[in-house]
Amino acid sequence: MNRIKGIIFDVDGVIFDTERMSSDFWTKTMKKYGYEMGDAEYCQVMGRNRAGIIAGLEKIYAGSGLDFESLADEKTEAMVAQLDAYPIPVLPGVFEIIDYIDKRGYKKGIATSTRKIRAENRLKKEHVYEHFDAYMYGDEVVDSKPNPEIFLKVADKLGLSPKECLVLEDSPSGVEAAYRGGFRCINIVGIKEPTQDMIDHTEARLNSLLELIDWLECNDK
Numbered sequence: 001m002n003r004i005k006g007i008i009f010d011v012d013g014v015i016f017d018t019e020r021m022s023s024d025f026w027t028k029t030m031k032k033y034g035y036e037m038g039d040a041e042y043c044q045v046m047g048r049n050r051a052g053i054i055a056g057l058e059k060i061y062a063g064s065g066l067d068f069e070s071l072a073d074e075k076t077e078a079m080v081a082q083l084d085a086y087p088i089p090v091l092p093g094v095f096e097i098i099d100y101i102d103k104r105g106y107k108k109g110i111a112t113s114t115r116k117i118r119a120e121n122r123l124k125k126e127h128v129y130e131h132f133d134a135y136m137y138g139d140e141v142v143d144s145k146p147n148p149e150i151f152l153k154v155a156d157k158l159g160l161s162p163k164e165c166l167v168l169e170d171s172p173s174g175v176e177a178a179y180r181g182g183f184r185c186i187n188i189v190g191i192k193e194p195t196q197d198m199i200d201h202t203e204a205r206l207n208s209l210l211e212l213i214d215w216l217e218c219n220d221k
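When we follow UniProt numbering, the leftmost residue of the sequence shown carries the number 1, and every step to the right adds one.
Just so you know, the hints here were simulated from the structure itself, not pulled from any lab data. Quick caveat: nothing in here was measured; it's all calculated off a predicted structure. Watch out, some of these pointers could steer you wrong.
To be verified - In silico lysine-lysine, DSSO-like type, Cα no more than 30 Å apart, as pairs:
| # | residue 1 | residue 2 |
| --- | --- | --- |
| 1 | K75 | K31 |
| 2 | K75 | K28 |
| 3 | K192 | K59 |
| 4 | K5 | K124 |
| 5 | K116 | K5 |
| 6 | K31 | K192 |
| 7 | K192 | K75 |
| 8 | K5 | K125 |
| 9 | K163 | K116 |
Work the whole structure out from these sequences, hints included.
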């Protein structure tokens, strides 16, 4: 097995504790129009870029006659207002794992389905952005996760092959994208309990990035 040379981070649910917030805003938005969005529905759009979310909503709520573009705008505007007004919660272990990765000499990449302007603003606001070597955003790819395009482009920017990279993901679509791209992957367990496919397609399931230090010590010598 190849030694790990680069680590690629998803953002929502891996760096920022924003996945539950996103789910809650979607629940409130859909309820306003008389529809439910529980965890099962949310997981079908979780981790995807805007185009992927719209496609997922069209499938989930087929025949509803809802304007999904407008719904996405409404949900996003409400969530952005909250994120702009308050500190963005950084998940435990983020800065500790960055320090550890730097000491080990790994390259670091960001692969998020969020649009560039919003993701960069949030990463810079919480002093995370400057620690990474390469970035790809949801509006810079043609195909959303679970297509592996975003991970392949980050790996290319890092000058590494997929087999030399470890992807950190919390969503079913992100794990599938990593698997389809030939990447090693670890599931950072968040609001979604791992499905059997997620278990089959990841090397470990960790409760926080703090646990990643011990995993790397044991598995990448």
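A quick look at each hint next to the structure:
no. : hint        : result
1   : K75 / K31   : holds, 12 Å
2   : K75 / K28   : holds, 8 Å
3   : K192 / K59  : holds, 20 Å
4   : K5 / K124   : holds, 25 Å
5   : K116 / K5   : holds, 25 Å
6   : K31 / K192  : holds, 21 Å
7   : K192 / K75  : holds, 20 Å
8   : K5 / K125   : holds, 28 Å
9   : K163 / K116 : holds, 26 Å
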